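J.: Residue numbers (our numbering), protein chains in the order written: chain A, 1 to 126; chain B, 127 to 234; chain C, 235 to 371.
Calculated directly from the structure, the hints in this document are not laboratory data.
Some hints here could point you the wrong way.
To be verified - Between beta-carbon pairs, the in silico distance windows are:
hint : chain 1 : residue 1 : chain 2 : residue 2 : range
1    : B       : 180       : C       : 345       : 46 to 54 angstroms
2    : C       : 295       : A       : 79        : 52 to 60 angstroms
3    : B       : 187       : A       : 50        : 19 to 27 angstroms
4    : C       : 349       : A       : 65        : 24 to 32 angstroms
5    : B       : 228       : A       : 54        : 37 to 45 angstroms
6    : A       : 54        : C       : 363       : 53 to 61 angstroms
7    : C       : 318       : A       : 35        : 29 to 37 angstroms
8    : C       : 295       : B       : 179       : 29 to 37 angstroms
9    : A       : 31        : C       : 371       : 46 to 54 angstroms
10   : A       : 54        : B       : 145       : 25 to 33 angstroms
11   : B       : 206       : A       : 107       : 23 to 31 angstroms
12   : C       : 342       : B       : 160       : 24 to 32 angstroms
What the hints assert, rightly or not - Taking lysine-lysine pairs in the DSBU-like style, the calculated list, with each CA pair at most 35 angstroms apart, reads:
hint : chain 1 : residue 1 : chain 2 : residue 2
13   : C       : 357       : A       : 80
14   : C       : 325       : C       : 239
15   : A       : 2         : C       : 317
A quick note: this is a predicted structure, and the numbers were derived from the prediction, not measured.
Cβ coordinates follow ideal geometry from the N, Cα and C atoms, glycine included.
Each chain is listed here by its residues.
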Amino acid sequence: MKALNIIECAYRATIEEQDDTIVWLTHAMKAAGADLGLVLRGDAVNYAVRAQNAAGLAFGDWRQTQPPRLADDIALLVTKGVAVYVLAEDLVLRGLDAADLVPGLERVTRESLPGIFAAHDQIWHW
Amino acid sequence: MARYLLIESRYSFGASEADFCRDLARRLATADNRVTLFLVQNGVLPARAGAHGPGFADLVRVGVEILADDFSLRERGISSDRLQPSVKPSALDVVIDRLADGAKAIWH
Amino acid sequence: MTERKTLTFALMDAPYESARTTTALRLIDIATKRGYAVNVFAYEGAVMLPFNRQQPHPNAVHGRNVEEENHLLTKDVVAALMKAAERNGGKLDWVNCGLCVDERGAGEAIEGVRRGSPADFWKLAEASDNTLVIGTR
Chain A
1 MKALNIIECA YRATIEEQDD TIVWLTHAMK AAGADLGLVL RGDAVNYAVR
51 AQNAAGLAFG DWRQTQPPRL ADDIALLVTK GVAVYVLAED LVLRGLDAAD
101 LVPGLERVTR ESLPGIFAAH DQIWHW
Chain B
127 MARYLLIESR YSFGASEADF CRDLARRLAT ADNRVTLFLV QNGVLPARAG
177 AHGPGFADLV RVGVEILADD FSLRERGISS DRLQPSVKPS ALDVVIDRLA
227 DGAKAIWH
Chain C
235 MTERKTLTFA LMDAPYESAR TTTALRLIDI ATKRGYAVNV FAYEGAVMLP
285 FNRQQPHPNA VHGRNVEEEN HLLTKDVVAA LMKAAERNGG KLDWVNCGLC
335 VDERGAGEAI EGVRRGSPAD FWKLAEASDN TLVIGTR
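Isolated chain A (complex conformation) (with noise of 0.2 angstroms):
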């Protein structure tokens, strides 16, 4: 079975998490031999934004020392073999452009979407 994971919802408890639970879960599953895709889309296409730093935060004398890295999650997985799509209109609409994301994605359209989704048997909306 291979299965499409799409992440919509965008720094959503990442800082508390200190991940995104859906690119951790992506990241657990494929560790567990899953045969995995992954979508981008809405504000998540900003993970894949190697500015990204939330570094820094402090709350009274607690220090947070390991903050979300996302933009690194998405390149491991990348790395791992899972391909990673990232949805092009909702990249410009953010102001996005390739200089400014992580290498390795795969920029596609609204128009591609049956196809990537004919290509794996289940369509995971988180």
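Given chain A, work out where chains B and C should sit, using these hints.
T.: Only chains B and C this time, still in chain A's reference frame:
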């Protein structure tokens, strides 16, 4: 021909994000797939006759079946005679039917 | 006779936060009534759905005491769905994401809930006729 079940649980009047499921349904149907758009929760709100929105007739024209959860309709005071003609009330059981039949199901 | 199917649901919402929970529980109810084998992978806030320390409360605004209010507790609904599944010849296998339980201190779940991981979710999905993910916002 693959079967798709798109479950739309939300709608923000005037927000482009609300068009994701509609756009996807149209593209999948145009690509020769059998597509059902199932409206549930606040996703049924644009199905009321007279609601300001893009409507559903264009999707029906490309072959998309549009169903609305009968409980969500009743919960929001939308009787079947106030529904847009493109939308049919349906029991939630249809979702389980389609899942059991192996449709690719996407919740939005 | 209805063919016994296996369906897996991934849930993410904490109780009392979203209409998605109601719809998810309605879907599971329909599947258990058919005697299907139903798997739930509860991720993040959804691990609180079967949390055993949920308590009903009276509601002064409604003018009802605790008995009259008959507050919906999701742990009771999950337990009822497990019983209904068994009664109908099926099973409701509820798997709480272990790390999600730990970070929320949600270890006290009702009987029948087990602890698992994303690997379990993948195994359940692979062995099912279909899977529906109901994400959160």
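J.: For every hint, state whether the structure bears it out.
T.: Hints and how they fare:
A hinted range of 46 to 54 angstroms for the beta carbons of residue 180 of chain B and residue 345 of chain C is consistent with their spacing of about 49 angstroms. Checked against the hint of 52 to 60 angstroms, the pair residue 295 of chain C and residue 79 of chain A passes, with Cβ atoms roughly 55 angstroms apart. In this structure, residue 187 of chain B and residue 50 of chain A break the distance hint of 19 to 27 angstroms, their C-beta atoms being roughly 43 angstroms apart. Between residue 349 of chain C and residue 65 of chain A the Cβ separation comes to about 28 angstroms, which falls inside the hinted range of 24 to 32 angstroms.
The supplied range of 37 to 45 angstroms is met by residue 228 of chain B and residue 54 of chain A, whose beta-carbon atoms lie about 41 angstroms from each other. Between residue 54 of chain A and residue 363 of chain C the C-beta distance comes to about 40 angstroms, which lies outside the given range of 53 to 61 angstroms. Distance hint check: the CB atoms of residue 318 of chain C and residue 35 of chain A are about 34 angstroms apart, consistent with the given range 29 to 37 angstroms. With their beta carbons about 34 angstroms apart, residue 295 of chain C and residue 179 of chain B fall inside the hinted range of 29 to 37 angstroms.
In this structure the hint that residue 31 of chain A and residue 371 of chain C lie 46 to 54 angstroms apart at CB is violated, the actual value being about 27 angstroms. Checked against the hint of 25 to 33 angstroms, the C-beta distance between residue 54 of chain A and residue 145 of chain B comes to roughly 31 angstroms, which is consistent with it. Here the CB-CB span from residue 206 of chain B to residue 107 of chain A is close to 44 angstroms, at odds with the stated 23 to 31 angstroms. A beta carbon spacing of about 45 angstroms between residue 342 of chain C and residue 160 of chain B contradicts the range 24 to 32 angstroms that was offered as a hint.
Under the criterion of a C-alpha separation no larger than 35 angstroms, the hint pairing residue 357 of chain C with residue 80 of chain A is consistent with the structure, at around 20 angstroms. For the hint linking residue 325 of chain C to residue 239 of chain C, the alpha-carbon distance of about 11 angstroms falls within 35 angstroms, and the restraint holds. Of the supplied pair hints, the one linking residue 2 of chain A and residue 317 of chain C holds, its CA atoms being roughly 33 angstroms apart against a limit of 35 angstroms.
Going through the hint list in order, the structure does not satisfy hints 3, 6, 9, 11, 12.
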